[in-house]
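Let the hints inform the model, and build the full structure from the sequences given.
Okay, so the sequence shown: first residue is 2 according to our numbering, each after it adds one.
Hints are not guaranteed to be accurate.
Straight-line alpha carbon distances no greater than 20 Å define the calculated SDA-like cross-link-like pairs of lysine to any residue that follow [what the hints assert, rightly or not]:
| hint | residue 1 | residue 2 |
| --- | --- | --- |
| 1 | K15 | A143 |
| 2 | K15 | H89 |
| 3 | K15 | S93 |
Pairwise CB distance ranges (calculated) [what the hints assert, rightly or not]:
| hint | residue 1 | residue 2 | range |
| --- | --- | --- | --- |
| 4 | S93 | C56 | 14 to 22 Å |
| 5 | D145 | T54 | 34 to 42 Å |
| 6 | C56 | R32 | 23 to 31 Å |
| 7 | G147 | P31 | 22 to 30 Å |
| 8 | G147 | R53 | 37 to 45 Å |
| 9 | A91 | N58 | 18 to 26 Å |
| 10 | D55 | D77 | 29 to 37 Å |
| 11 | R52 | T30 | 21 to 29 Å |
| 12 | T148 | T54 | 29 to 37 Å |
| 13 | G79 | P137 | 28 to 36 Å |
| 14 | L131 | G49 | 19 to 27 Å |
Treat the hints as calculated values from the structure; they're not laboratory data.
Note that CB positions come from ideal geometry on N, CA and C, so glycine has one too.
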Amino acid sequence: MKPKPLIPDAYGPKLSPPTATFSIMLRSTPRSARLAWLLVAERLTDWGVPRRTDCFNIAVLIVAELAGNAVRHCADAGWDFSVQVTMHPAPSDAATSTLRIESPTPVPTDHCGATPRRPPDCESGRGLSLVEALTPHWGCVARDAGTKSVWAEATL
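As structure tokens, then:
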């Protein structure tokens, strides 16, 4: 996996202003991680993204991974987490819109950067590898001294 540098405002290519937004703050519980992807799935349907398509499934998988990671890293400290989804229309020279999925968490920013390599028999630690494989852009940036944000973009 390519290391992702911790660079403020390292948000990939410039996107056009969003045409639709959704944000929710949840408690750090496994039930909340499931609720996050269910709510985002409903919102995507409301926005006209067809279910059972690659773009819909990839978007929901990204939400599940980012929310699951947020729960894993925030629950012990009792922190809440959020999921933010924005839809950006295609620029005039492109045929596809972009969906940006972001999960800001109050985790120290020194947790940003390259994801550690896991042994093959490890039961966890492969989710961001999936995100990287399925999305054109993703990363982790510091929002301030005590908050990081993991984000990914999916093509619609």
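A quick look at each hint next to the structure:
no. : hint                    : in the structure
1   : K15 to A143             : 18 Å, holds
2   : K15 to H89              : 10 Å, holds
3   : K15 to S93              : 14 Å, holds
4   : S93 to C56: 14 to 22 Å  : 20 Å, holds
5   : D145 to T54: 34 to 42 Å : 37 Å, holds
6   : C56 to R32: 23 to 31 Å  : 26 Å, holds
7   : G147 to P31: 22 to 30 Å : 24 Å, holds
8   : G147 to R53: 37 to 45 Å : 40 Å, holds
9   : A91 to N58: 18 to 26 Å  : 20 Å, holds
10  : D55 to D77: 29 to 37 Å  : 35 Å, holds
11  : R52 to T30: 21 to 29 Å  : 26 Å, holds
12  : T148 to T54: 29 to 37 Å : 33 Å, holds
13  : G79 to P137: 28 to 36 Å : 35 Å, holds
14  : L131 to G49: 19 to 27 Å : 25 Å, holds
Checked against the numbered hints given earlier, the structure satisfies every one of them.
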